[in-house]
Amino acid sequence: EFRTRLSEVAARRRQDVTRDPTLRAHFHQMCAALGVDPLASTKGAFAAALGLGDFYYELGVQVVEACMATTPINGGVIDLRDLLRLVCRRRGSAVAPVDEDDVLRAIGTLKALGGYEILRPEAGGRERGRTLVRSVPRALDSAVTAALEAAAAASPEGCISRAELCAAKGWPEARAAAALGEALEQGVAWLDAPSPEEGLEARVYFPCLSGELLTG
Amino acid sequence: RSSSSVGRRSRPPRMAPGSPAQPFSFPSHFHWAPFFTLQPVAATRARQLGLWCELVTAYCAASRLFVLDLDEPPEALFANTELPRRMSRDAQEAVLDALAGQGGGEWLEKPRKLLVTWRSAEDWADALEEVVRDNALQGAVLTLEELSSGSEVAGTEVEGLPA
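From first to last, the protein sequence lines are chains A and B. The first sequence lines up with residues 1 to 216 when you count with the working numbering. The second sequence lines up with residues 217 to 379 when you count with the working numbering.
In isolation and in its complexed conformation, chain B is listed as follows (with noise of 0.2 Å):
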């Protein structure tokens, strides 16, 4: 990574966070009926939530969407109104459940409300990093709320990170 003294790096155009930067492409299965009820077969279900884990990381990766609501729930995930079909809120929250139990999300609020974890705190924390060290932020005190949307991290990576 270069740490250039002289101004600052050009930024990534400001993301409206919620929805994906491009559109998002949706896997296959996301086009089949079935993919939206919750399979009553035991075996079955497992590789169903196991798919919507891996969609729901990915959507929340690519929308930069940090916190799962099912209150108020991305109104293109759970439901293809091509179909149309919609995932129940009892699927909805079995997918939660399942991506909680996989690492991939933290209960804010079980069972309706997760952090959805789509990149480890590691690679965060370099994120972080690289900020402060462009903007020679060093040594000095910065409140978490200037962290995530400070005038600094508008248009980084790390914009909307929440506390």
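Okay, chain A solo, but in the shape it has when bound (with noise of 0.2 Å):
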């Protein structure tokens, strides 16, 4: 039968699995065929004979460390990039070496903590679409959404004047302004104000659009 087999696989390959990431993706589409969820329950076949569900568990405990350790300045939101590169500093060189994917189903498995929702905002012209990962339970405006779309289109810095941002989405000011005030209000972004004589227009910053400068 098709599934004992897999799991006498399964067995025999484990420590190859939970070495090699893109094995382990492959894994993870052979049961999705089978219509076998590995991490639904520790004490699955796949899982014991992985100890897949350690694995990820172990995973996921280091997405929330290194969420917790962010959102004092990113307000809770986070690109998934930034997120595995902290991530695989917490881990070392000396275990598993982990991909986005294992990431994302880590995070599956954060559920039931609240937040830890994947965020795909739209990317505009060249950007190229980024994966957002919100570790607080609270979601993000649609007003907001669209702020940090328009910044992270306006700049590689991720930071948006109001001016901008009334020019890239046709809004009038009002509506710009209440959608960058409320980006403010929700901790995902900060302003910066230069003084009047330097002469420059303030802007909104979002850390999760600051890439390594600000995760290092």
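Note that these hints are calculated values from the structure, not bench results. Heads up, the beta-carbon is just placed ideally off N, CA and C, and yes, glycines get one too. Be aware that a few hints might be false.
If you want the ones that stay clear, here's a sample from chain B, every Cβ over 10 Å from chain A, calculated [said to hold, decoys possible]: (1) Trp248; (2) Leu267; (3) Asp287; (4) Glu288; (5) Ala292; (6) Arg302; (7) Glu322; (8) Asp339; (9) Asp342; (10) Val348; (11) Leu353.
One side only, chain B facing chain A, incomplete, derived with CB under 10 Å [claimed, not checked]: (12) His245; (13) Thr253; (14) Leu254; (15) Gln264; (16) Leu286; (17) Arg301.
Take a look, some chain A residues computed to stay more than 10 Å from chain B by CB distance [said to hold, decoys possible]: (18) Thr18; (19) Arg19; (20) Asp54; (21) Pro72; (22) Gly75; (23) Arg89; (24) Gly92; (25) Pro97; (26) Asp99; (27) Val136; (28) Cys159; (29) Arg203.
Reassemble the complex: the two chains are provided individually, in unrelated frames, and hints are given to aid placement.
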């Protein structure tokens, strides 16, 4: 019976699967085809054979730690690439490497904590679509999401001024001001308002768009 | 700790007060423009001031700076010329106020002059005790000035300690 064979293979290749992200992805595809969720129960045949339950549990803890450490600055919204980098740093080089898919699967098991939602804001123009992880329970306002998308497209630093937002979205000033104000209120954006002498426009920065600058 | 009766232990090089002995490693948010604007949203401002307090304490410890006087602040601390951005005077006062509030400093002259306690009083007492022992000064009477800048304390951790 195919499923029995699969669990035998799983038991034999346990070390390989926990070590190799590609193999792991392949394994998940097979399980999906069979309608089996290896993470659904740690007592399941596959999870037990592979020790995947432990693997994703540990990864989930590392994800939570990384999110908690960065929430003071980013308000609980982080780019998946930055999260992966932080998690890998926590794991160190002696253990099995993980990739974005692993992190997403681990996040899937964290739903019970509240939050931990995956966001895929629209990319504009040349900007490649990015994946964000919201680790706080409160959902992002649609106006804030729109402002975030505009900021991502407007500058590599992930910042935008009110005027730029109006131009990007074709919004009246009041609407742009409200969206940026809400982003600040929700803690997912910070204000940059240099002194009047410097003659620069005020801008709103989204920490989750700043990439390696803030997460290192 | 060893207390040698023969000669003095070797001294670390004398450091110029006010600037770090080695290039100071600023945190990543120091290179981020919004860090220099006092945030309007209270919750974010609280986090920002927390980060500034950590930075100020670490900077003062690395530079052996005991007093922060906003009329003559260290140039490298409240501004980043690469961005370029600087903390307004109001923002600087908010940082000092936050630091005093969390026990990281004592007001010498509110709101502009703060004694930054980057080391606990107990640790300073230990350091003083070590200098006294190393120099066999137990039982001697020393002025506060001798204690902070006499020849025995030159190059030790205790040098420059304000009264």
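Here's how the hints hold up against the structure:
no.: 1; hint: Trp248; in the structure: violated, 6 Å
no.: 2; hint: Leu267; in the structure: violated, 8 Å
no.: 3; hint: Asp287; in the structure: holds, 18 Å
no.: 4; hint: Glu288; in the structure: holds, 20 Å
no.: 5; hint: Ala292; in the structure: holds, 19 Å
no.: 6; hint: Arg302; in the structure: violated, 8 Å
no.: 7; hint: Glu322; in the structure: holds, 26 Å
no.: 8; hint: Asp339; in the structure: holds, 28 Å
no.: 9; hint: Asp342; in the structure: holds, 32 Å
no.: 10; hint: Val348; in the structure: holds, 42 Å
no.: 11; hint: Leu353; in the structure: holds, 46 Å
no.: 12; hint: His245; in the structure: holds, 6 Å
no.: 13; hint: Thr253; in the structure: holds, 5 Å
no.: 14; hint: Leu254; in the structure: holds, 9 Å
no.: 15; hint: Gln264; in the structure: holds, 8 Å
no.: 16; hint: Leu286; in the structure: violated, 16 Å
no.: 17; hint: Arg301; in the structure: holds, 6 Å
no.: 18; hint: Thr18; in the structure: holds, 32 Å
no.: 19; hint: Arg19; in the structure: holds, 32 Å
no.: 20; hint: Asp54; in the structure: holds, 33 Å
no.: 21; hint: Pro72; in the structure: violated, 4 Å
no.: 22; hint: Gly75; in the structure: violated, 8 Å
no.: 23; hint: Arg89; in the structure: holds, 13 Å
no.: 24; hint: Gly92; in the structure: holds, 20 Å
no.: 25; hint: Pro97; in the structure: holds, 24 Å
no.: 26; hint: Asp99; in the structure: holds, 24 Å
no.: 27; hint: Val136; in the structure: holds, 12 Å
no.: 28; hint: Cys159; in the structure: violated, 8 Å
no.: 29; hint: Arg203; in the structure: violated, 8 Å
Hints 1, 2, 6, 16, 21, 22, 28 and 29, counting from the list given before, are not met by this structure.
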